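A.B. asks: Going line by line, the protein sequences match chains A and B. Those letters in the first sequence? Residues 292 to 821, per the numbering used here, in order. Those letters in the second sequence? Residues 3 to 315, per the numbering used here, in order.
Hints listed in this document are in silico derivations from the structure and should not be mistaken for laboratory results. Computed from a predicted structure; not experimentally measured. Glycine residues also receive a C-beta, built at the ideal position from the N, C-alpha and C atoms. Treat the hints with care, since some could be wrong.
As the list claims (entries may be wrong) - Rough simulated footprint, nothing fancy, chain B against chain A, three-plus residues with beta-carbon under 8 Å: (1) 334-341; (2) 491-503; (3) 529-537; (4) 696-705; (5) 736-747.
To be verified - Some chain B residues near chain A, calculated using beta-carbon distances under 7 Å: (6) 29; (7) 33; (8) 34; (9) 35; (10) 45; (11) 46; (12) 86; (13) 154; (14) 158; (15) 251; (16) 262; (17) 264; (18) 299; (19) 301; (20) 302.
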Amino acid sequence: MDRRGFLKTAAIAATGALAAPRLSLAADSKTLRFVPQANLANLDPIWTTQYVVRNGGLLIWDTLLGVDDQLQAKPQMAESWENTPDFKTWTFKLRPGLKFHDGEPVLAKDVVASIKRWMVRDAPMGVPIKKRTDALEVVDDRTFRFRLNLPYPKMPFALGKSSTPCLFIMPERIALTDPFKQITEYVGSGPMRFKKEEWVPGAKAVFEKFDGYAPRAEKANWLSGGKRINFDRIEWQIVPDGATAAAALQNGEVDWVETPLPDLYPLLAKSAGVKVDVADPLGNIGSFRLNHLNPPFNDVRARRAVQIALSQEDYMEAVVGDDTSLWKTLPGFFTPNTPLYTEFGGEPLKGKRDYDQAKKLLAEAGYKNEPIILLVATDVAITKAQGDVTADLLKRIGMNVQYQALDWGTVGQRRASKEPIDKGGWNIFHTWHAGADCVNPAPYTALDASGDTAWFGWPKSDAVQAKIAEWYEAPDPATEKRVIADLNKAAMDDVVYIPTGFFQFKQAWRANLAGVVKAPFPVFWDVTKA
Amino acid sequence: MLSYIVRRILSTIPVMLIVALFVFSLLYIAPGDPAAIIAGDQATPADVERIRISLGLDRPFLVRFGDWFWHVLHGDLGTSIFTNLPVTHMIAQRIEPTVSLLILTLLISLVFAIPMGVLAAWKHGTWIDRTVMMTAVMGFSTPVFVIGYVLAYVFALRLDWLPVQGFTPIEDGFWPFLRTLILPSVALGLIYMALIARITRATMLDVLSQDYVRTAKAKGVGQRGLLFVHALKNAAVPIVTIVGIGFAALIGGAVVTESVFAIPGLGRLTVDAILRRDYPVIQGVVLLFSFAYVLINLGVDLLYTLFDPRIRY
């Protein structure tokens with residue numbers, strides 16, 4: 292062999308040796324490597340309402356009831372329940388053989404303690420139930436009972452809903468923790484146990500299959516049915532950079548990315564070995580939140596001025612892009628394609644935008660070019676995009692907008708201020724609501740118009756509140772639909788807030804995974820890996 | 003010498019005290035509310051307020067500072083607001099990736115940058131000099147995240163030689179450990195390399211024009227001996243200074259690199275803590291960094307004595 296031949300052979304050998312080991316770290320079919328939407332910084336799903344904590348909690352803790360993809364609450368840890376015709380007494384019986392990860396049996400006292408902690412923190416449904424509860428009592432080891440002083444027909448939905456905080460069942464000793472303090476033990480009766488010793492917050496969280504879990508016999512459907520896990524380990528890898536997460540998925544280093552960057556959907560869709568599809572069929576509703584306490588938006592005419600000028604198309608293109616299969620305009624407050632969806636009263640958000648009329652309404656409301664404080668969390672892509680569109684919109688209708696670029700932590704603090712503008716108050720901020728929280732008024736904090744006790748912005752509308760109360764008492768689906776239509780119109784008339792549109796995100800996973808479903812949360816049960 | 007080292011280490015105490023007070027004050031007046039983040043987007047204002055009280059964030063500044071400082075004096079940096087884990091535990095979890103990244107970056111940079119600088123000075127005015135300087139300018143001008151993405155695309159996605167992201171601890175094997183660090187170290191090291199190469203070239207040019215170098219040449223000292231024994235040693239003091247300053251600056255660069263390559267190091271811990279307003283973690287990490295800066299400066303001062311016998315402490 293001459294010198295050139297030797298070098299050529301050596302180069303081929305070296306290249307081959309380096310390229311040979313395919314770096315597919317996700318090769319083990321019994322380990323699922325998942326990139327969640329955010330860092331799992333803690334694991335108390337009652338103390339915090341962050342979705343990522345709820346999603347981790349769904350592996351560790353089981354729920355008493357669970358909603359399916361029709362939003363119907365089905366028994367989960369409960370074997371059965373019964374209620375009196377007046378909906379004042381509810382009796383639940385637990386399935387036999389339920390065990391916590393520490394080997395202790397799940398008893399009615401554990402459930403009662405868990406419900407009591409949850410009721411303090413779940414403002415939309417738990418707190419109203421607590422107010423109506425005369426007694427929440429253990430009947431025997433597997434049975435407990437609510438005795439209410441007012442009817443609450445929505446009890447099964449409340450106990451099985453997927454919106455945060457979910458009712459997770461914890462051992463009594465843990466559930467007795469102050470609801471405003473964080474638990475320190477993560478012991479549940481769900482299908483996986485949390486490996487606290489492997490937890491590196493901000494980097495990794497590991498869940499290990501719990502052999503003592505007793506799944507239901509029925510097929511899994513969202514939070515209901517048999518939660519059969521086909522992995523020994525589920526590793527959550529926190530990858531803060533969206534482009535890196537996408538590259539790791541393409542390279543086979545992770546199996547599933549919950550929320551890839553929308554800009555990268557086309558790239559991932561074209562990548563060999565990667566699948567991309569809508570993550571949550573219930574999607575999200577963008578929110579233009581006005582402060583009803585400060586001028587000019589304490590006057591409904593000023594709120595209507597913005598409402599009739601706002602183009603949802605502009606917002607959705609800014610948030611999601613030009614793939615119209617992922618967004619639609621939303622002349623209403625409720626989640627599209629769900630039973631109570633309505634557009635009744637939604638005319639102000641339809642048709643051509645009317646800047647002249649908006650300016651006229653602002654003048655009638657007495658607006659005289661005062662600064663409008665727009666709080667924009669620029670570290671969150673969705674709020675940043677909405678904020679940019681709003682700044683442009685307000686200028687178009689002649690408002691003196693002050694765009695305050697902040698991070699989400701600061702917006703979270705500033706929006707709590709009820710002070711006037713000259714004392715650090717605000718006029719507008721943006722957020723979005725998970726579609727799962729907007730399927731009916733119960734979990735829908737943003738639609739509450741009770742004034743001082745309402746969500747940030749503190750809208751007050753007696754008409755809206757009357758319809759919400761009427762819905763709680765509605766005896767049948769037809770009545771519910773009628774009431775919700777009226778509620779939609781009342782909320783639109785009083786401009787509780789302005790929806791900026793309905794949008795969906797996609798999830799992406801390696802093609803060797805099967806069983807990935809669309810849901811408002813990642814569903815790990817029934818997923819398999821070849 | 004020993005007394006000097008002891009004095010220097012003792013002098014870090016007032017420095018760190020001032021840093022602690024400054025950071026605590028800064029965080030106190032900075033906007034942002036961890037309680038609002040914990041409570042989540044749908045929480046009511048009343049819930050946020052109750053969480054704030056349960057975390058003790060409603061207490062006066064001096065009470066909070068005094069409480070924190072008392073614990074620091076006892077070696078307790080506090081507990082993370084969010085994870086409920088001790089800050090020392092969280093730092094211990096994150097220190098290996100960051101230290102590994104910085105050391106490998108330093109090694110790669112020195113191995114390439116000093117010969118490049120020497121070569122450029124030796125071949126001053128030639129195409130070699132211009133090529134080295136052009137490379138250095140490019141290294142300076144290209145942001146770490148751009149270099150990171152390009153490297154990941156080429157060496158991970160296209161060639162499939164190295165992983166895109168993550169970190170493998172050294173106890174899981176040296177090669178897996180090294181493999182996860184090569185791309186981030188190169189990405190982070192390019193700016194550092196450029197800096198050292200330019201300084202080396204400049205100081206070497208200065209030294210090479212000195213009389214004693216000419217004398218050495220006249221006496222027949224070979225090129226290698228001239229460059230690396232006579233010239234480089236005398237050019238070392240400014241190089242060591244810039245290596246020290248640059249190494250401290252690398253800690254800042256590590257924040258971006260760790261995010262791009264999903265390395266669970268102290269940089270990411272700091273960013274996460276700042277975004278969440280996890281005050282105990284921010285304070286703990288800043289204290290650690292300030293101590294590291296002081297130690298690096300001390301190390302640089304001590305290295306001077308190796309290269310220049312005239313320097314004595």
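A.B. asks: Determine for every hint whether it applies to the structure shown.
C.D. replies: Hint-by-hint comparison with the structure:
Note: the region 334-341 of chain A has 4 residues with beta-carbon separation from chain B under 8 Å; the three-residue rule is met and the coverage holds. Here the region 491-503 of chain A counts 5 residues with a CB under 8 Å from a CB of chain B, which clears the bar of 3, and the coverage holds. Residue count for the region 529-537 of chain A with a Cβ under 8 Å from a Cβ of chain B: 7. That meets the three needed, and the coverage hint holds. Counting residues of the region 696-705 of chain A whose beta carbon lies closer than 8 Å to any beta carbon of chain B gives 8, which meets the minimum of three for the stated coverage.
For the region 736-747 of chain A, the stated coverage by chain B holds: 5 residues have a C-beta nearer than 8 Å to a C-beta of that chain, and at least 3 were required. About 12 Å separates the beta-carbon of residue 29 (chain B) from the nearest beta-carbon of chain A, more than 7 Å, and the hint is not met. Interface hint at residue 33 (chain B): satisfied, since its Cβ lies 4 Å from the closest Cβ of chain A, which is below the 7 Å cut-off. Interface hint at residue 34 (chain B): satisfied, since its Cβ lies 4 Å from the closest Cβ of chain A, which is below the 7 Å cut-off.
Annotation: interface hint on residue 35 (chain B) holds; nearest CB of chain A at approximately 3 Å, less than 7 Å. Nearest Cβ of chain A to the Cβ of residue 45 (chain B): about 6 Å, under the 7 Å cut. The hint holds. The beta carbon of residue 46 (chain B) is positioned within 7 Å of a beta carbon in chain A (closest approach about 5 Å), and the interface hint is therefore held. Evaluation of the residue 86 (chain B) hint against chain A yields a held restraint, the C-beta minimum of about 5 Å falling below 7 Å.
The interface hint given for residue 154 (chain B) is met, as the beta carbon of that residue sits about 6 Å from the closest beta carbon of chain A, less than 7 Å. Against a cut-off of 7 Å between C-beta atoms, the interface hint on residue 158 (chain B) holds, since the closest Cβ of chain A lies about 6 Å away. Hint on residue 251 (chain B) is violated. Least Cβ distance to chain A is approximately 22 Å, over the 7 Å limit. Here the hint on residue 262 (chain B) is kept, as its CB sits about 6 Å from the closest CB of chain A, short of 7 Å.
The beta carbon of residue 264 (chain B) comes within 4 Å of a beta carbon in chain A, closer than 7 Å, and the hint placing it at the interface holds. Evaluation of the residue 299 (chain B) hint against chain A yields a violated restraint, the C-beta minimum of about 29 Å exceeding 7 Å. Hint on residue 301 (chain B) is violated. Least Cβ distance to chain A is approximately 29 Å, over the 7 Å limit. Checking residue 302 (chain B) against chain A by beta carbon gives a least distance of about 32 Å; that is not within 7 Å, so the hint is violated.
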